[in-house]
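Engineer: So the chains spell out like this:
Number of protein chains: 4
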Amino acid sequence: MLLEIDHHSGVPIYRQIIEQVEQQIVAGLLAGGEQLVSVRDMAKQIRVNPMTVSKAYSLLEMEGYIERQRGVGVFVAKLRKDRRDAAKRHIIEGILKEAAVKAVQLEIDEQELRDLLAEQYERFYSRSEKRDVK
Amino acid sequence: MLLEIDHHSGVPIYRQIIEQVEQQIVAGLLAGGEQLVSVRDMAKQIRVNPMTVSKAYSLLEMEGYIERQRGVGVFVAKLRKDRRDAAKRHIIEGILKEAAVKAVQLEIDEQELRDLLAEQYERFYSRSEKRDVK
Amino acid sequence: MLLEIDHHSGVPIYRQIIEQVEQQIVAGLLAGGEQLVSVRDMAKQIRVNPMTVSKAYSLLEMEGYIERQRGVGVFVAKLRKDRRDAAKRHIIEGILKEAAVKAVQLEIDEQELRDLLAEQYERFYSRSEKRDVK
Amino acid sequence: MLLEIDHHSGVPIYRQIIEQVEQQIVAGLLAGGEQLVSVRDMAKQIRVNPMTVSKAYSLLEMEGYIERQRGVGVFVAKLRKDRRDAAKRHIIEGILKEAAVKAVQLEIDEQELRDLLAEQYERFYSRSEKRDVK
DNA sequence: GTGGTCTAGACCACA
DNA sequence: GTGGTCTAGACCACT
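Protein chains in written order, with this note's numbering: chain Z, 1 to 134; chain E, 1 to 134; chain U, 1 to 134; chain D, 1 to 134.
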């Protein structure tokens with residue numbers, strides 16, 4: 001699982017975890033019944049206090065996205081799997097809409113906008129490649 | 001100057017002020033040298049404690065967007081064009097970075113991402129055109 | 001950490017805190033990664049409102065000297081050596097600039113200025129030597 | 001008369017004026033009985049509100065350094081002229097002492113300190129030359 | 001426990 | 001009139 005935590009963004013860490021796990025479930029990247037990484041492992045992975053991960057998992061459980069089984073692990077709850085791509089697109093469109101609005105307001109032309117996006121994509125795509133190799 | 005403050009959004013009020021003033025300066029709606037509303041006036045306007053406005057102005061000054069002069073008032077700093085362009089790029093890059101991260105996480109490939117961006121841009125660009133005609 | 005605050009000097013308290021902490025970091029008395037006293041503790045220590053300390057810490061963070069982590073504490077940032085050297089030079093340049101301005105105004109020529117500086121340096125350098133021996 | 005006003009130093013402008021005029025009188029650069037530039041002229045020269053200059057002059061008058069004659073102008077009060085050079089040296093030594101202390105604390109060696117001073121001196125000396133040409 | 005934000009109100013300093 | 005600082009105390013959010 002790929003999580004990007006920004007310790008300096010001001011957004012609480014547990015919120016960042018929740019949002020990202022939630023989205024990956026909704027988008028179908030994490031299938032129902034699949035086991036999630038343990039609290040400890042995720043804490044190590046993203047260099048965060050285990051309590052913080054635990055809090056995120058608790059809230060995810062309350063919202064019905066995951067299920068905790070004592071002594072066994074954490075699992076993705078079964079979710080109806082219709083409209084997966086629609087969900088993905090909805091998420092990404094929200095952000096791109098914001099980018100488009102700002103670009104128009106700031107009079108940034110489409111070519112520059114496109115270049116900047118390519119640059120950012122490159123950055124994170126290559127970063128995720130490296131992790132997969134691990 | 002028109003500011004929209006949401007007192008219940010969870011986003012600190014001083015941050016909202018900063019973002020909106022910054023936006024208006026970068027977009028060129030507030031020209032260099034122009035006087036801003038006084039701390040107390042803005043505080044009344046958006047129904048907030050003057051210290052909150054003062055804090056926002058203080059940070060905006062540190063970022064080089066405005067200049068405060070005791071006993072005189074607050075003024076928009078004169079930004080060199082390259083500085084302003086850098087600021088614009090910085091704002092848009094922040095959003096695009098988010099889009100890139102999400103795209104990679106949700107396994108949306110670059111082509112699709114690009115198409116979705118073009119779609120959104122088209123939507124808002126043509127909308128702003130209409131306004132210009134008005 | 002030892003701080004000397006003068007409540008009646010006219011220099012804002014938060015500025016005094018900033019200067020002294022900055023000084024100790026740049027001089028290497030506070031190592032990178034080290035935890036600083038908490039906002040509340042320092043506030044008690046120097047008998048000041050916690051907000052005043054918080055403001056100082058906030059500015060120190062913006063200048064890159066420290067890092068605050070909610071719910072955890074405040075830590076000295078890890079400064080690269082060149083960054084630290086630049087900071088040192090900046091501090092000393094501020095004072096030397098003042099000396100240069102005064103010298104020109106009072107029509108003291110460069111040679112005399114240089115001699116006076118050498119004299120003062122000698123004085124404090126040898127004094128610090130003695131301390132090292134202790 | 002050469003005045004260096006820093007609008008961003010935090011030190012009130014009227015204080016900067018007072019200090020600098022006072023020092024030039026004490027050091028003998030402004031002789032007793034000599035006429036000072038008018039409030040308006042100085043205000044133009046250093047780009048400051050005339051009220052600010054006037055306030056500085058008022059305080060200088062109260063301290064006995066200058067005398068205002070209605071409709072005529074402002075004059076330097078007669079001062080005993082002993083210890084002129086000593087006064088100059090005392091002023092400059094105060095600043096250099098500070099520089100020396102900081103340099104030793106920050107472990108800046110004498111050679112670098114000397115170079116930095118030369119740099120600053122050059123900057124302000126050449127600046128004053130240009131003005132003299134005017 | 002940690003830090004962050006906001007308020008109401010006081011007082012100061014500057015132009 | 002302008003901005004700057006500080007306080008006391010409340011409440012929130014994070015670990």
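Note that these hints are calculated values from the structure, not bench results. Be aware that a few hints might be false.
The calculated lysine-lysine pairs, modelled on DSS-like cross-linking and capped at a C-alpha distance of 25 Å, are [to be verified]:
id	chain 1	residue 1	chain 2	residue 2
1	U	K55	Z	K44
2	D	K78	D	K55
3	Z	K78	Z	K55
4	U	K55	E	K55
Computed list of chain E residues with no C-beta within reach of chain Z, every gap over 10 Å [said to hold, decoys possible]:
id	residue
5	K55
6	E110
7	S128
Since the structure is predicted, the reported quantities are computational estimates derived from the model, not experimental observations. The beta carbon of each residue, even a glycine, is placed where N, CA and C say it ideally should be.
Engineer: Starting from the hint list further up, note which numbers the structure goes against and sort them upward.
Structural biologist: 1, 6, 7
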